[in-house]
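The listed protein sequences derive, respectively, from chains A, B and C.
For the first sequence, the numbering used here begins at 1 and goes up steadily by one.
For the second sequence, the numbering used here begins at 1 and goes up steadily by one.
For the third sequence, the numbering used here begins at 1 and goes up steadily by one.
The reader is advised that the hints may include incorrect statements.
[Claimed, not checked] Dumping the calculated EDC-like pairs for lysine to aspartate or glutamate here, alpha-carbon to alpha-carbon at most 16 Å: (1) Lys402(B) with Glu316(B); (2) Lys402(B) with Glu243(C); (3) Lys184(C) with Glu22(B); (4) Lys39(B) with Glu186(A); (5) Lys438(B) with Asp453(B); (6) Lys402(B) with Glu463(B); (7) Lys217(B) with Glu116(B); (8) Lys184(C) with Asp453(B); (9) Lys184(C) with Asp315(B); (10) Lys184(C) with Glu18(B); (11) Lys184(C) with Glu409(B); (12) Lys217(B) with Asp315(B).
[What the hints assert, rightly or not] Now the stretches of chain B that chain C is said to cover, found in silico as 3 or more residues with beta-carbon under 8 Å: (13) 130-144; (14) 408-417.
[Unchecked claim] One-sided and incomplete, this derived list gives chain A residues near chain B with beta-carbon spacing under 10 Å: (15) Thr103; (16) Val128; (17) Thr141; (18) Arg171.
No lab work stands behind these hints, which were simulated from the structure alone.
Just so it is clear, CB atoms sit at the ideal spot from N, CA and C, and this is done for glycine as well.
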Amino acid sequence: MSSRERILARVRAAVAGAPDPEIPRGYRGPGALPADGVVDLFAERVRDYRAVVRVLPESEAAEQVARSLAERRAGRVVVPGGFPRALLTAPDVQWVTDDPPLTAAALDAVDGVVTTCAVAVAETGTIVLDAGPGQGRRALTLVPDYHLCLVRAGQIAPGVPDALARLDPVRPQTWISGPSATSDIELNRVEGVHGPRTLEVLILT
Amino acid sequence: MSRTFLGMPGAAPRSGDEGFPERAARALRDSQLRFNLRKATRTIRARRAGVVAELPDWAELRRAGKEIKDHTLRHLDTYLIQLEEAVTKAGGHVHWAADAAEANRIVAGIVKATGETEVVKVKSMATQEIGLNEALLAEGVTAYETDLAELIVQLGDDWPSHILVPAIHRNRSEIREIFTRRMAEWGRPAPEDLPDDPPALAEAARLHLRERFLSTKVAISGANFAVAETGTLVVLESEGNGRMCLTLPETLITVLGIEKLVPTWRDLEVFLQLLPRSSTGERMNPYTSTWTGATEGQEFHLVLLDNGRTGVLADEVGRQALRCIRCSACLNVCPVYERVGGHAYGSVYPGPIGAILTPQLRGMGSELDRSLPYASSLCGACYEVCPVAIDIPSVLVELRAKGRHHLAERTGMAAAGWVLERSGRLARMQRLGGRLRKLAPGRLPGPLGGWTDTRDLPPIPEESFRDWWNRTDGGRR
Amino acid sequence: MRVALFVTCVNDTLFPGTGRAVVTLLRRLGVDVDFPMAQTCCGQMHVNTGYRDEGARLARRTVAAFRGYDAVVMPSGSCAAMVREQYPRLTGGPQAPPGLRAAVDELTPRTYELTEFLVDVLGVTDVGAYFPHRVTYHPTCHSLRGLHLGDRPLALLRQVRGLELVPLPNAEECCGFGGTFAVKNAGVSAAMCADKVRNVLDTGAEVLCAADNSCLMHIGGTLGRQRTGVRVMHLAEILAATEAATGDGAERAASARRPGAAR
Numbered sequence: 001m002s003s004r005e006r007i008l009a010r011v012r013a014a015v016a017g018a019p020d021p022e023i024p025r026g027y028r029g030p031g032a033l034p035a036d037g038v039v040d041l042f043a044e045r046v047r048d049y050r051a052v053v054r055v056l057p058e059s060e061a062a063e064q065v066a067r068s069l070a071e072r073r074a075g076r077v078v079v080p081g082g083f084p085r086a087l088l089t090a091p092d093v094q095w096v097t098d099d100p101p102l103t104a105a106a107l108d109a110v111d112g113v114v115t116t117c118a119v120a121v122a123e124t125g126t127i128v129l130d131a132g133p134g135q136g137r138r139a140l141t142l143v144p145d146y147h148l149c150l151v152r153a154g155q156i157a158p159g160v161p162d163a164l165a166r167l168d169p170v171r172p173q174t175w176i177s178g179p180s181a182t183s184d185i186e187l188n189r190v191e192g193v194h195g196p197r198t199l200e201v202l203i204l205t
Numbered sequence: 001m002s003r004t005f006l007g008m009p010g011a012a013p014r015s016g017d018e019g020f021p022e023r024a025a026r027a028l029r030d031s032q033l034r035f036n037l038r039k040a041t042r043t044i045r046a047r048r049a050g051v052v053a054e055l056p057d058w059a060e061l062r063r064a065g066k067e068i069k070d071h072t073l074r075h076l077d078t079y080l081i082q083l084e085e086a087v088t089k090a091g092g093h094v095h096w097a098a099d100a101a102e103a104n105r106i107v108a109g110i111v112k113a114t115g116e117t118e119v120v121k122v123k124s125m126a127t128q129e130i131g132l133n134e135a136l137l138a139e140g141v142t143a144y145e146t147d148l149a150e151l152i153v154q155l156g157d158d159w160p161s162h163i164l165v166p167a168i169h170r171n172r173s174e175i176r177e178i179f180t181r182r183m184a185e186w187g188r189p190a191p192e193d194l195p196d197d198p199p200a201l202a203e204a205a206r207l208h209l210r211e212r213f214l215s216t217k218v219a220i221s222g223a224n225f226a227v228a229e230t231g232t233l234v235v236l237e238s239e240g241n242g243r244m245c246l247t248l249p250e251t252l253i254t255v256l257g258i259e260k261l262v263p264t265w266r267d268l269e270v271f272l273q274l275l276p277r278s279s280t281g282e283r284m285n286p287y288t289s290t291w292t293g294a295t296e297g298q299e300f301h302l303v304l305l306d307n308g309r310t311g312v313l314a315d316e317v318g319r320q321a322l323r324c325i326r327c328s329a330c331l332n333v334c335p336v337y338e339r340v341g342g343h344a345y346g347s348v349y350p351g352p353i354g355a356i357l358t359p360q361l362r363g364m365g366s367e368l369d370r371s372l373p374y375a376s377s378l379c380g381a382c383y384e385v386c387p388v389a390i391d392i393p394s395v396l397v398e399l400r401a402k403g404r405h406h407l408a409e410r411t412g413m414a415a416a417g418w419v420l421e422r423s424g425r426l427a428r429m430q431r432l433g434g435r436l437r438k439l440a441p442g443r444l445p446g447p448l449g450g451w452t453d454t455r456d457l458p459p460i461p462e463e464s465f466r467d468w469w470n471r472t473d474g475g476r477r
Numbered sequence: 001m002r003v004a005l006f007v008t009c010v011n012d013t014l015f016p017g018t019g020r021a022v023v024t025l026l027r028r029l030g031v032d033v034d035f036p037m038a039q040t041c042c043g044q045m046h047v048n049t050g051y052r053d054e055g056a057r058l059a060r061r062t063v064a065a066f067r068g069y070d071a072v073v074m075p076s077g078s079c080a081a082m083v084r085e086q087y088p089r090l091t092g093g094p095q096a097p098p099g100l101r102a103a104v105d106e107l108t109p110r111t112y113e114l115t116e117f118l119v120d121v122l123g124v125t126d127v128g129a130y131f132p133h134r135v136t137y138h139p140t141c142h143s144l145r146g147l148h149l150g151d152r153p154l155a156l157l158r159q160v161r162g163l164e165l166v167p168l169p170n171a172e173e174c175c176g177f178g179g180t181f182a183v184k185n186a187g188v189s190a191a192m193c194a195d196k197v198r199n200v201l202d203t204g205a206e207v208l209c210a211a212d213n214s215c216l217m218h219i220g221g222t223l224g225r226q227r228t229g230v231r232v233m234h235l236a237e238i239l240a241a242t243e244a245a246t247g248d249g250a251e252r253a254a255s256a257r258r259p260g261a262a263r
């Protein structure tokens with residue numbers, strides 16, 4: 001008998017006659033949380049993680065991207081395929097594309113990355129990337145030390161259940177809640193380990 | 001029965017012949033350890049309480065989490081097959097391992113087939129449980145731990161003492177000392193004059209591991225959840241070392257305990273709320289990665305691990321331990337864990353959950369494993385915080401009934417039972433005690449001496465309540 | 001209403017003053033309480049130490065001893081939790097005789113810890129007590145997390161004339177008693193109690209009270225060994241004390257230094 005068969009047989013013998021409970025879903029599921037006020041809540045919650053957050057009209061996005069990159073003195077910045085070209089007006093920035101794919105070492109040498117996102121979660125201050133247009137493959141937002149992420153107000157879901165309902169499980173996802181952090185030393189949270197140490201979120205209204 | 005291997009092999013701090021009380025006694029003498037644990041567990045307790053109180057539907061989420069897990073376990077055969085099909089369809093390879101040895105053999109085989117001799121690892125309880133690092137080393141493969149706490153443990157030739165924060169027993173100055181002394185042997189040395197403030201220590205870990213992340217071709221991980229319906233695997237983490245391992249290497253091997261399944265994508269809406277808040281006390285952990293099968297050109301292997309789990313599943317009361325999502329909230333509130341730390345439990349699973357999981361997985365053949373169900377005052381704090389409502393005190397009591405007891409104790413308990421079985425016998429014993437009350441010793445003999453080492457005995461009253469009641473007609477005379 | 005007192009084996013044998021205080025208190029509130037002589041022990045020690053069969057035997061005796069009462073009152077959170085939470089599992093199950101199962105189902109909802117009986121059944125929080133001392137209250141684990149007594153004990157204490165109630169820091173933490181845990185893991189138990197004692201001393205209270213004499217025996221034994229001068233008293237003894245100072249509680253309050261001090 002293969003291990004597969006043996007494990008399955010053991011499982012079947014073990015659960016024979018066990019009760020089969022109904023799953024109660026009395027918690028606040030998709031649609032249960034109010035949709036108004038999500039921009040403010042999201043901004044507040046992202047800020048709690050010590051990320052930089054700015055709320056601005058969509059029409060000023062290009063200007064703010066340029067200003068943020070200049071403040072950061074980011075000269076070489078990765079731009080994933082599908083990112084709106086109209087927002088790339090910053091002078092003195094060399095835009096690096098991922099086509100052909102950049103090596104890990106090449107990614108390590110850039111100053112930052114600018115992306116859009118798939119969905120955001122207000123209650124937890126989370127942005128979700130799913131490798132869709134403007135987001136790129138997962139390594140792009142991992143290796144560079146600075147991540148500038150653009151979130152449109154309409155992308156902000158009130159809670160976790162709403163966000164999951166909007167996402168395609170088969171796409172690779174990265175849920176990001178603030179900059180890289182650790183609680184491994186005396187259980188105190190410290191920002192900045194292996195992922196980007198600076199996360200900046202522009203919320204476009 | 002064959003003993004299930006549960007980590008802490010030959011080099012483990014003392015053997016299974018030594019029970020929990022003796023191990024605990026050693027830990028209690030370590031005042032630095034007690035100070036570190038007290039500080040850390042109290043910090044995390046307050047944080048958890050704060051973010052749990054924020055959710056008005058916490059009780060409902062907890063109930064749903066419990067029942068989703070129970071439902072999954074009830075139909076585990078179906079869901080395992082469903083998961084296998086979905087992962088395979090998405091280009092991944094699925095392997096089944098009945099025990100630790102088989103899992104280690106499978107993983108070593110995959111690594112050797114790539115021709116690599118180094119792997120990077122994401123913190124994983126399952127791979128610790130099976131002693132994968134040691135098994136790989138025997139095959140000439142070096143495994144590098146990349147989680148900060150695991151790195152501290154690995155560099156310090158130490159043993160993990162907590163599920164979430166394996167180096168919780170170390171404070172900042174001890175960590176600085178370990179980094180300064182050992183990093184050079186494993187790769188990039190620690191910076192000179194490394195200070196002991198946490199940001200500097202985190203920075204040192206970043207620099208030490210950077211090059212390794214960018215160049216290593218094979219990674220090994222565990223997973224927090226696996227969605228049967230879609231074949232999606234989910235890893236929650238904080239530092240980004242997980243993302244490094246899951247994303248950059250050409251080959252990814254994930255070792256998954258078979259109890260980690262959830263039926264549907266939607267079910268994650270419960271666990272992605274329960275886990276981070278219970279575990280690190282955050283609304284959400286910094287990074288969660290999900291992937292399905294071979295992703296972005298990577299080769300993907302999934303190893304499904306039994307290693308005693310089906311045995312636990314067969315126990316009506318004990319099977320609820322398989323609901324555990326490894327959040328470690330029970331460790332953080334446990335008054336016993338707070339005072340003795342994780343090493344006293346002699347297993348990769350310490351604390352209250354370890355006290356019910358270890359004896360069930362490993363059996364109760366050793367003195368240590370028989371003593372673990374007694375490593376609790378049954379105060380119930382663990383049950384109260386458990387996000388999947390594992391009634392740990394009830395399982396402890398159940399396990400106590402299953403283990404062998406020492407002869408002296410059996411005799412004492414039988415005698416007490418005999419006296420208490422008839423009210424007349426109890427009354428006679430009470431009167432005897434009343435007459436001999438002046439002779440009561442200040443110190444009790446034998447194992448009972450543990451009481452009088454630190455506490456006075458209450459004086460024995462001249463007259464029991466029942467004799468008073470009889471003499472005075474319930475105080476009416 | 002036929003009310004029985006289940007005094008518990010620990011109180012019966014070591015702390016008879018607590019039983020007398022319950023009788024005094026309930027009579028004062030107009031409840032004529034009965035003491036079924038056949039009672040001995042609820043079986044908790046046996047069950048929680050791994051001797052389930054012996055424990056189940058004691059549980060069956062207890063169920064028989066309290067048949068026919070409208071209410072069973074227990075001055076012990078931990079023994080009341082045993083009856084209410086563990087009896088159904090312990091004496092039930094498919095093998096149990098149907099008669100026994102019915103008796104258990106009848107007994108468990110009629111079993112009350114003392115403060116539950118006072119607040120929920122009698123509907124009183126002011127029991128007419130007088131106790132002019134600085135007091136702190138330790139909610140024992142089974143009172144707090146087993147029975148969920150909540151504010152009941154504090155509500156009763158707040159109405160006691162002359163009593164100054166001071167909050168106990170980290171009150172919800174276990175004192176380390178845990179039945180045979182105190183002997184089997186004596187070192188850890190003592191370490192837990194050391195912290196509890198420190199918190200008690202920080203309050204500056206003269207008296208530490210609780211709804212369980214077993215936990216008080218442990219904390220009081222440590223307070224006594226360390227010669228702190230802080231007394232421990234069962235909650236019932238404080239509630240039984242009156243200005244007339246004829247009750248057992250007041251009597252003990254005046255004379256006792258430790259739990260169960262002989263008269």
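These are the hints, each one checked on the structure:
1. Lys402(B) with Glu316(B): At roughly 13 Å apart (the allowed maximum being 16 Å), Glu316(B) and Lys402(B) satisfy the hint.
2. Lys402(B) with Glu243(C): Judged against 16 Å, a Cα distance of about 53 Å means the pair is violated.
3. Lys184(C) with Glu22(B): holds (10 Å)
4. Lys39(B) with Glu186(A): holds (7 Å)
5. Lys438(B) with Asp453(B): Given pair Lys438(B), Asp453(B) is violated - Cα atoms ~20 Å apart, limit 16 Å.
6. Lys402(B) with Glu463(B): violated (38 Å)
7. Lys217(B) with Glu116(B): Holds, because 7 Å separates the two Cα atoms, which is no more than 16 Å.
8. Lys184(C) with Asp453(B): Distance of about 13 Å is within 16 Å: holds.
9. Lys184(C) with Asp315(B): Violated - the C-alpha atoms of Asp315(B) and Lys184(C) are around 26 Å apart, more than 16 Å.
10. Lys184(C) with Glu18(B): Distance of about 14 Å is within 16 Å: holds.
11. Lys184(C) with Glu409(B): Answer holds: Lys184(C) to Glu409(B) is near 10 Å, not above 16 Å.
12. Lys217(B) with Asp315(B): violated (41 Å)
13. 130-144: Our answer is that it is violated, as 0 residues pass the Cβ test (under 8 Å) against chain C, missing three.
14. 408-417: It holds: at least three residues are needed, and the region 408-417 of chain B offers 5 whose Cβ sits within less than 8 Å of chain C.
15. Thr103: This hint holds: Thr103(A) lies near chain B, its Cβ roughly 8 Å from the closest one there, short of 10 Å.
16. Val128: holds (9 Å)
17. Thr141: This interface hint holds because 9 Å falls under the 10 Å limit.
18. Arg171: With a minimum Cβ separation of about 8 Å from chain B (threshold 10 Å), the hint on Arg171(A) holds.
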